[in-house]
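Colleague: Sequence:
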Amino acid sequence: MRTVLIMVYLLPVLTEVAQATPAGSDDLVVSLKDGRIRGEYVTVKGTERRVKQYLGIPFARPPVGPLRLAAPQDTEPWEGERDGTQQPPMCIQDPELIVNVSRTMSVQYTPPELSEDCLYLNVYTPAEATRGNKLPVMVWIHGGGLSMGAASQYDGSPLAAYENIVMVIIQYRLGILGFLSTGDEHAQGNWGFLDQLAALRWVKENIEAFGGDPQAVTVAGESAGGISASILTLSPQAKGLFQRAIFQSGVATLGTYTTSHPLSYAKIVANLTECDCSSTEELVQCMRGKSKEELIEATKKMKIFLGGVVDGVFLTDTAEELLKRKEVLMVPVMMGITNHEFGWILPQSFAPPGWENGMNRESVLAVVNMFNPTGASSANSLIADEYLKEAKTPEEIRDGFTEIMGDLLMTLPVVKVAGYHLGVGVPVYMYEFVYRAEIHKHTRPSFVKADHADDVGFMFGGCFWNGRIKIIGNITKEDERLCRTMMAYWANFAGTGSPNGPGLVSWPQYSSQRQEYLELGLTQTVRQKLKKDRVHFATVTLPQKLEQLAAAAKAGN
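Per mature numbering (1 follows the signal peptide of the UniProt record, and there is no 0), the sequence shown runs over residues -20 to -1, 1 to 537.
I should point out that these hints are in silico values taken from the structure, not numbers from a laboratory.
Honestly, I wouldn't trust all of these hints.
[What the hints assert, rightly or not] Straight-line alpha carbon distances no greater than 25 angstroms define the calculated BS3-like cross-link-like pairs of lysine-lysine that follow:
#1 K421 / K457
#2 K396 / K304
#3 K114 / K219
#4 K280 / K247
#5 K247 / K219
#6 K369 / K525
#7 K372 / K511
Turn these sequences into a full structure, and let the hints guide you.
Modeller: In structure tokens, the structure reads:
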């Protein structure tokens, strides 16, 4: 089950890939609030424009010793010139998972070492950028179920080179160290989210040194990163730290990302680590004494998922309640999904053996009941009736299964949250990514369309990475055109709050009446009412049928 929860929020493993160019120029040294750091020049394919890359910049003190399971603290100044040419260590996690995920994605990725001292970020900026340029800034939050991932999975060089923006890729504490909460003053929780806030504060104070504009910051992420970005729009502590937000395949209401009762989860973790949980104070002190190896072992054994908590400070209520009350930051948002969120990667971790060759109704319901326990068996049975009514073969049932899960976990929450943001009067832009790239032709069955996280490589400009990544398959000219298109849309939104710009298909704002969205593929098409029949079923037909069943049961009694 733990692997399932991680995989639901995974994102593709994308290593830092630009080709470094040695240089000793002082142009590569920037002066920050806490000291000086030297970066390096890198290049990307298709353009002579260089990028300056600064890796492993600390944005908070190492969260070790008494700072374990505590809010991040401001960095301390350093002496001399810091080396910004090495990837930072990853936060504590199961190291095998990130390797296995990368292998599943047909990507060769060698992760850096694990360390509790992991609160670092990477910056990519155009080579000629200097203080005062006021370039748009995009801060990327990695996914991985709040349990895995690293800044080194990504490379922001193409966006900096082609789109003239500053890319910042951050890390945050994960799993036990990032989200353990006792629900009281001894461990309030949300440490990973507070790390994200600390990184955004660092950006506001330091990004001008890289040519960035601290008043033009976009927070963005995919999967758990998208959920994080969405949650940040609900925190009063994030006010003024960013001006726009992008949620890719993930929003704050997805899954169990916020809870009001974290202590039961903390006790499970305590048992795994052999900590006394008779009092929360003793539990936390015991956890602070555990070694890195003990924490990694506990992480591997965990069958539960740790997420955010309603702590009264970072989050004053659950995401759903905050959205209903319109307690949302007034920033433009862009959000979207792929057209086969549950196509291949996600079912690998939990679907019954041989699922790709066909399924039956019983095996479908077994998985739906696991992911949608609040729906109760009657609701899940009605859902299966709706999605499988035309299915006559095991293969057709399989296809219905992947659609059910994609809609429950991604489509329906995204559409609902888009409506909430519309309700507060901010611009909303919606998309559906529909392109099945050639690089996946030999690694996935033909029934898989655009899978979970397939959009990330294109909006990052992965077609133009330059040498340090190894992907199975060749990048086509069509792939390159789509990379350029999506980079432009994302960068335009970061710069102006609208994705539109010269040479691009006009992307209309999402509205409550027309509900227009952009279909992103080799061609771009404006469409209306994303999956309207399924949305109508979930929001109108299903509640009506459940009311009828309840009334009939009551009458029978």
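Colleague: All hints, please: hold or fail.
Modeller: Evaluation of the provided hints:
1. Proposed proximity of K421 and K457 is supported: the alpha carbons are some 16 angstroms apart, at most 25 angstroms.
2. At roughly 11 angstroms between alpha-carbon atoms, K396 and K304 fall within 25 angstroms of each other, so this suggested pair holds.
3. Distance restraint check for K114 and K219: the Cα-Cα separation of roughly 20 angstroms lies within the 25 angstroms cut-off, and the hinted pair is therefore satisfied.
4. With a CA separation close to 17 angstroms, the supplied pair K280 and K247 stays within the 25 angstroms bound.
5. In summary, the hint linking K247 to K219 is not supported, as the alpha carbons are separated by about 33 angstroms, beyond the 25 angstroms threshold.
6. A threshold of 25 angstroms between alpha carbons decides the hint, and for K369 with K525 the separation of about 16 angstroms falls inside it, so the pair holds.
7. The hinted pair formed by K372 and K511 meets the criterion: a straight-line CA distance of about 22 angstroms does not exceed 25 angstroms.
When held up to the earlier numbered hints, the structure conflicts with hint 5 and nothing else.
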